[in-house]
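**Q** Spelled out, the chains give:
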Amino acid sequence: MGEVVLRSENINKHFGITHAVQNVSLSFEKGEIHGLIGENGSGKSTYCNMLCGIYSISSGRFLLDGQELKVKTQVDANRSGVSIIVQETGTLSGLTVAENIFLGNESRFMHGGIKNTAAMNKEAQDLLDKYGFGRIKAPVMIDHYNFEDRKLVEIVKATYFNPKVVVVDETTTALNQSGREALFQHMNRIRNEGNTVIFISHNLSEVIEHTDRISILRDGELIDTVKSSEVTTDDLKRLMVGRELGGRYYRTDFGEPISDEVVLTVENVTVPGEIEDVSIQLHRGEILGIGGLSECGMHEVGKAIFGASYGRKGKVTLSNGTAVNSIPKAIKHSIAYASKDRDNEAVIIADSIRDNICLPSLNDLSTGKILKHSKLDKFAQENADRISVKMTGISQYVSNLSGGNKQKVVLARWLGKNSDILVLDSPTRGIDVKVKADIYALMGELKKQGKSIIMISEEIPELLGMADRILVMKDGKVNGEYVRNPKLGEEDLIAKMI
Amino acid sequence: MPEQSTLEKKKKNPTWLWNLTPLEKNNLTWLRNLTPLFGMIIIIAVFAFLTEGNIILPKNLKLMLSQAYVMMIASMGVFFIMTAGGLDFSQGSILGLSSIIFCWVSKTNILLAILAAIVTGAAMGAINGLFHVKFKIASFIVTICTMYLFRGLCEYFTTNGPIAASIQVVALNLTWLKLLLTGVVLLGGFLAFRYTRLGADIRAIGAGETAARYSGSRPDLTKFLIYVAAGAITGFASFINVVKVGAITGTAGSQLETQIMLALVLGGLPVSGGAKARFSNIVVGTITYCVLAVSLPMVLPDSATQQLVRGITFLIVVALTIDRKSLRVIK
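Residue numbers (the numbering used here), protein chains in the order written: chain Y, 3 to 500; chain F, 1493 to 1823.
Since the hints were derived computationally from the structure, they do not count as laboratory data.
Idealized CB from N, CA, C, for every residue including glycine.
Careful: at least some of the hints might be erroneous.
Said to hold, decoys possible - Here are a few chain F residues that face chain Y, going by a calculated C-beta distance under 7 Å:
1) Y1687
2) A1692
3) A1696
4) A1699
5) Y1706
6) G1766
What the hints assert, rightly or not - Selected chain Y positions facing chain F (in silico; Cβ < 10 Å):
7) F308
8) N346
9) K374
Next up, chain Y with everything else stripped away, as it sits in the complex (with noise of 0.2 Å):
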């Protein structure tokens, strides 16, 4: 056992219902790499993100070297010694390299107020040129270097002051070969220098070469840490994933038939960027899971069927010859579809939970153009009680909803709307277990009816539990397609993922 730097003790940290980190407690070692894996949402950033002060502790505490670590920014952070290579792009557009490095630090080049860039600049180029980064120039726009260059600034951003714990978050997708084995090699000066690194990524193979130790969230909590030399990638993956399957609240019907009746048919759908030549044929009654990694381009199917993607190509659909092809033309036909991105996509947060509702079925509410209100209220009123929104009257706005509450709006708004064809992109996202019960009941009993629905996921349980098929996208194609059956395992999909 080394000497420990960081600890953390009983973290946790609430966002409204969600539980998103439950009483973790970890110990990193000094000259440690410390790989963190995890599904999606499992908690690993939201941790981290503590750790540098990008997020308030809801309760519990870290402690650096034994002391309690207080940190509100990420500029205190640093101050203290830990820092953070973060998931998206961590540069500010508008600055140069060397402000962007230095960005928070600046008062070391101010001599009465006044800023000498010229130091500034110096300071920065020798530090690329150390990183050998030395083709970025220090004083040119960070605007002008691409994606990757800008992911390198970041890696001297986060380490030229020896930090004693860098956090590097899900960094490697962004950078190609060249840059990956720049970042591994500086994570491995950063060790022998007898600093800690943590490490999070997806690429499991990835994690096991580069780390000593590795630790498994699930759900928000800590299920293990392991030695990197001891496991395999088939071990973490089952420790990843590893819930108990045919939970109470998911289908527990097996091998029924699906219908031979064809409702929508995608053919060769291209969006430029996001997804290539894909192809589905969605059947009555049902219930159709895409699952893959969050940037398999899944989601975009979703936008793609209800007519919302821009740049479109190739063919949607109906079994009737029509074809679908603008949002207004997809909701005509009786296909629904739930966003994702809920406060932006999905329902009008500014907006009352009786406009909400209403608004995709204006047309059927009107009677020769004119709307009557109290026909409103109680469409509205009917469906929001159909789904039990939890609301104290329909004009409340949506924004004061929780999002399971949300969810329940908009779900109720296509009820009403009595789609045929519903596409719901995430349907539980940062839901509790007591409203993703309702919304499965409520997928089982829509089935029952006839309607067909397809289900995009990023959560593996959820599709091997819900879906009569399951499509599993990668790099934007599909890559692999299951029947519902009740020996086919998380390792089986992601197999297909990874």
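Given chain Y's structure and the hints, the job is docking chain F onto it.
**A** Chain F in isolation, oriented as in the chain Y frame:
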């Protein structure tokens, strides 16, 4: 026993507006909706007091009304635009140019002239809508540019002096006619806003354009149409404007755009538009504005002081009545 302790707390802390829970505040939205109305009543009361009842004399009421017709009609178009989340600074220039066209055509036929003014206004609105929707330029930038463009045309056409309308037009300067036309236009707008899909779409687009698109609204088309409609409505208002003044100079209608937007905000319209827009904002706002505009000169004869007090009054009224929560969602 937790229930009892909250009860005791309630007793110790009486419920005031500032220590309500979000839920309780939500239940009080009706009160917020009435704030602009109270503002209007207070302003009328204050000025009635300051002018010793002068402002409610028939001749002054008539003066106020004469200012209100054009503004009320033109502000209806801007109301639609602002509800959908946009702004429009070009309405004053649109009024000026439509008025000039009206004057020219009125010498041939007055009905034809009204039609020509409406078409001119609609065409100018279409230019605004096209640049905003098709070329994706923020509405306030587009309309500030077209404000100068249309004003430039007004000044060009009036280089040789004001343009007079046909003599017959002046004969139409009848209070009942102006009242009737204003009423008809407002009623039409009200019905469209409240009882058709258009109104629901406009509010949804202002509250959240992307989500409205995903709900089946057509934001681009709708926004284009309301810019055209706003232009057409102001084109119609130019008829009443000419009836009132008889001849048009290059500066006709200037400042109208800012007056309209101030009036709407005074009337309680959130600057960012959206679901909280009420049609009554137009009426309440225009009346409040006109009362201020007519009463101030009576109380303060000096025009410099008038400007000063006008500015301060607007700031105070807006600060008291504006809905800050909805401001935060401006994109």
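**Q** Now, for every hint given, state plainly whether the structure supports it.
**A** Tested hints:
1. Y1687: holds, 5 Å
2. A1692: holds, 6 Å
3. A1696: This interface hint holds because 6 Å falls under the 7 Å limit.
4. A1699: Holds: closest Cβ of chain Y sits about 4 Å from A1699(F), inside 7 Å.
5. Y1706: holds, 5 Å
6. G1766: holds, 5 Å
7. F308: For F308(Y), the interface hint holds, since the closest Cβ of chain F sits about 8 Å away, which is under 10 Å.
8. N346: OK, holds: N346(Y) within 10 Å of chain F, min 5 Å.
9. K374: At about 8 Å, which falls below the 10 Å cut-off, the nearest Cβ of chain F leaves the hint on K374(Y) intact, so it holds.
Figure legend: structure checked against the earlier numbered hints; every hint is met.
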